[in-house]
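Following the hints, put chain B in place on chain A, whose structure we already have.
Listed below, chain by chain, are the residues.
Protein chains: 2
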Amino acid sequence: MLSLTKETFISYKNIYQDNLLKQTVPFWENYSLDKEYGGYFTCLTANGNVYDTDKFIWLQCRQVWTFSKLYGNFGADKNWLEIATHGADFLENYGRGKDGSWYFALDRKGHPLVQPYNIFSDCFAAMAFGQLSKITGESRYTEIAKTTFQNILERQENPKGKYNKAYPNTRELQNLGLPMILSNLVLELDHILHGEVIEQQLNSVKDKIVNQFYKPEYGIILENVGLNGEISDSFQGRHINPGHGLETLWFLMDIAERQGDSELILKGVDIVISTLEYGWDGKYGGLYYFMDLKGSPPEQLEWSQKLWWPHIEAMIACLKGFYLTRDMRCWEWFVKLHDYTWEHFVDEKYGEWFGYLTREGKVNLELKGGKWKGCFHVPRGLMILSLLMKNLEEYAGNMECKA
Amino acid sequence: MLSLTKETFISYKNIYQDNLLKQTVPFWENYSLDKEYGGYFTCLTANGNVYDTDKFIWLQCRQVWTFSKLYGNFGADKNWLEIATHGADFLENYGRGKDGSWYFALDRKGHPLVQPYNIFSDCFAAMAFGQLSKITGESRYTEIAKTTFQNILERQENPKGKYNKAYPNTRELQNLGLPMILSNLVLELDHILHGEVIEQQLNSVKDKIVNQFYKPEYGIILENVGLNGEISDSFQGRHINPGHGLETLWFLMDIAERQGDSELILKGVDIVISTLEYGWDGKYGGLYYFMDLKGSPPEQLEWSQKLWWPHIEAMIACLKGFYLTRDMRCWEWFVKLHDYTWEHFVDEKYGEWFGYLTREGKVNLELKGGKWKGCFHVPRGLMILSLLMKNLEEYAGNMECKA
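In the order they appear, the protein sequences are chains A and B.
If you count the first sequence from 1, position 197 lands on 197 in the working numbering, and the numbers rise without skipping.
If you count the second sequence from 1, position 100 lands on 100 in the working numbering, and the numbers rise without skipping.
To be clear, the hints were calculated from the coordinates, so they are not data collected in a lab.
Small disclaimer: the values here were computed from a predicted structure and weren't measured.
Keep in mind that a hint or two might mislead.
Said to hold, decoys possible - No more than 20 Å apart at the CA atoms, straight line, and that leaves these computed lysine to aspartate or glutamate pairs for DMTMM-like:
| id | chain 1 | residue 1 | chain 2 | residue 2 |
| --- | --- | --- | --- | --- |
| 1 | A | 294 | B | 107 |
| 2 | B | 371 | A | 36 |
| 3 | B | 6 | B | 393 |
Claimed, not checked - Cβ pair distances, simulated, as ranges:
| id | chain 1 | residue 1 | chain 2 | residue 2 | range |
| --- | --- | --- | --- | --- | --- |
| 4 | B | 164 | A | 11 | 26 to 32 Å |
| 5 | A | 89 | B | 157 | 48 to 54 Å |
| 6 | A | 216 | B | 160 | 56 to 62 Å |
| 7 | A | 363 | B | 77 | 49 to 55 Å |
| 8 | B | 50 | A | 35 | 53 to 59 Å |
| 9 | A | 18 | B | 157 | 54 to 60 Å |
| 10 | B | 50 | A | 207 | 52 to 58 Å |
| 11 | B | 93 | A | 89 | 40 to 46 Å |
| 12 | B | 93 | A | 173 | 42 to 48 Å |
Idealized CB from N, CA, C, for every residue including glycine.
This is chain A alone, in the form it adopts within the complex:
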């Protein structure tokens, strides 16, 4: 049995806070602001040089969210508020098409490049403006979050619209992505949405994830299932993304905590553990990016690579699970993930983290930000982990752990 003292939690808390405030946030403060045209640069090399100036809506929104959250939770630094509104202004001016849907990408000046085919752009926009409305109280921001959320609900049955290439009725599948994001988004918009809308969404999403996407016989969450949750023996149906499953699980534990559903918390912890056992690379360490349910060759060539975000999401899932249950399996996996992550992803030389490693753990792409990696998973993870460590530190005196 490991001995967990107050000092253990303080020491981890300091690691996360330091990395957040001295290594990660300064990186984005220093290199990502486009002072000429507004918005953020997200394509940044290892040492912060801009290598592409396109503006991807997911990442623009996520950075607004991050700096709003920092402002709300880590000291009301005016500079953080300015950075958040700097991105929000750009998004407000250029981000939406005529019908209010959010584009996928803009050029540096804000001209649309890619049509609003991707409903996750809308999800991250609602998340960004929701958080910004929370810290500023600005009704303009609240309104954007609200109408965007409404738009998501209206589009949710057919999110890709005319861009959907699936032929109807041959193999109807539902994808985890949207219920998964909604489970988090609804809580993010707690201060804006009606209580009954929230509860209805949470229950619907919880039901889908637990009863349709989760497969007890495998102990993991699938990415795509049939309309009644049945397994589809196809590339999409067999597709496993352990990091995505783990992120889903801490969203689910947030819902369970809010609803006081202790059964779901315990179940969530069990699935966290079985997902980690399923997704961990026994030979080189780290979590595989993609796997195949039947162990067949996955479709994606990058399947065996180690990406930053699944590891952060896994750490959150473990620490949240430990915080809520004191289950030592969670703590042991947490330490294993922390050690792998700190050894492989963190770049103490230039700040922020590398995002893309080979299976063996070598840096595969020398970047800190790109088309898909921005100011989001790392700072969000560090914020959550340091707050959880702070809570644990406070409880450390009277802690009982389950071996």
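Same frame as chain A, now just chain B:
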């Protein structure tokens, strides 16, 4: 100066013929036929087990082409003709939508899974039925090839139709894929199309590739350029695919040979060499899959992996260049590519080749066929290489080479 004797060419010819007829063709003959529902399985493990039964139109068509070509060029084996028509029947029955466009994917029984959004499905269908009409003289097959080709020409300005997600007029780019495939397809349909259509297409395609996609200052062919051939400093504009460039170059040499354009042949050889120098991994050997024109991090996580088809296409480009010019740079690169390829991709235990290696040359996906790898690049390459070696063998007596 290397000494190239008749025996050298005979020995390579035997290697390719043996690999084709003893290792590659039997693999597909033995494992790929769906005798129950028609068409081919292409998702095959290293030893030939079927791990997915979906039928991807690109690969169905390419296998029809391969067995038709074998029948036409490597002895009129009835079994090959049967295998070709086995796939063609399935395609004829299930492959097209109402307007005659070809779907992207069907399920095992032939029900459409993915809409006809991808014009390359049509290109490979025209290629398949064109070759089959050549060996059988069947007017039904000729008609399918002809109408499909007509359909491609009509769709070529807006190939993705309503599925095109690019916002109009912000950053208009043209993609190499279609002119590149057309440069080969037109020659494949030589026996079907009118002479003037062929010459017009060949000249248009040649002009586009040489004057717009090829960039002399870099010595390489780009994948996406502006409407007047200008370089676009964007992910798409900087995207380099050395193997695709090399495949384009041997298509171009075929046109140059047909038109007796010796200047273009020499130019083609120079670009082959500069592309190989650009795309070769000096540390681990092999050709990178994707690169960035400015050396920035590419968007694709699999950028540094080594794939089978770029290496085969590179070998064809080198040997064709050598055959047409006796330029020893081509021969030296050819040998280097052959050695890398034979050491890393060829699987003499179960036949066919591995397709996907890590940067370091380890097998990354244990498959012989999948959603994108079927019965095509390996047998096509082996057919072309062995025929070229046979020609060289015949000329070996009076050969002068340029050092």
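Against the structure, the hints:
Restraint check for residue 294 of chain A and residue 107 of chain B: satisfied, since their Cα atoms lie roughly 19 Å apart, inside the 20 Å limit. Restraint check: the Cα-Cα separation between residue 371 of chain B and residue 36 of chain A comes to about 45 Å, which exceeds 20 Å; the hinted pair is violated. Note on residue 6 of chain B and residue 393 of chain B: the hinted pairing holds, with a Cα-Cα distance of about 5 Å set against a maximum of 20 Å. The beta-carbon spacing between residue 164 of chain B and residue 11 of chain A, approximately 54 Å, falls outside the hinted interval of 26 to 32 Å.
Judged by the Cβ atoms, the range 48 to 54 Å given for residue 89 of chain A and residue 157 of chain B is violated: they are separated by roughly 38 Å. Checking the proposed 56 to 62 Å range against residue 216 of chain A and residue 160 of chain B shows it is violated: the Cβ atoms sit about 41 Å from each other. Evaluation of the 49 to 55 Å hint for residue 363 of chain A and residue 77 of chain B yields a pass: the beta carbon distance comes to about 50 Å. The beta-carbon spacing between residue 50 of chain B and residue 35 of chain A, approximately 57 Å, falls within the hinted interval of 53 to 59 Å.
Against the hinted window of 54 to 60 Å, the Cβ-Cβ separation of residue 18 of chain A and residue 157 of chain B comes to about 56 Å, which satisfies the hint. About 36 Å separates the C-beta atoms of residue 50 of chain B and residue 207 of chain A, a value inconsistent with the hinted range of 52 to 58 Å. Here the CB-CB span from residue 93 of chain B to residue 89 of chain A is close to 57 Å, at odds with the stated 40 to 46 Å. Restraint check, residue 93 of chain B to residue 173 of chain A: a C-beta distance of roughly 25 Å breaks the suggested window 42 to 48 Å.
Hint compliance for this structure: hints 2, 4, 5, 6, 10, 11 and 12 are not met, and every other hint is.
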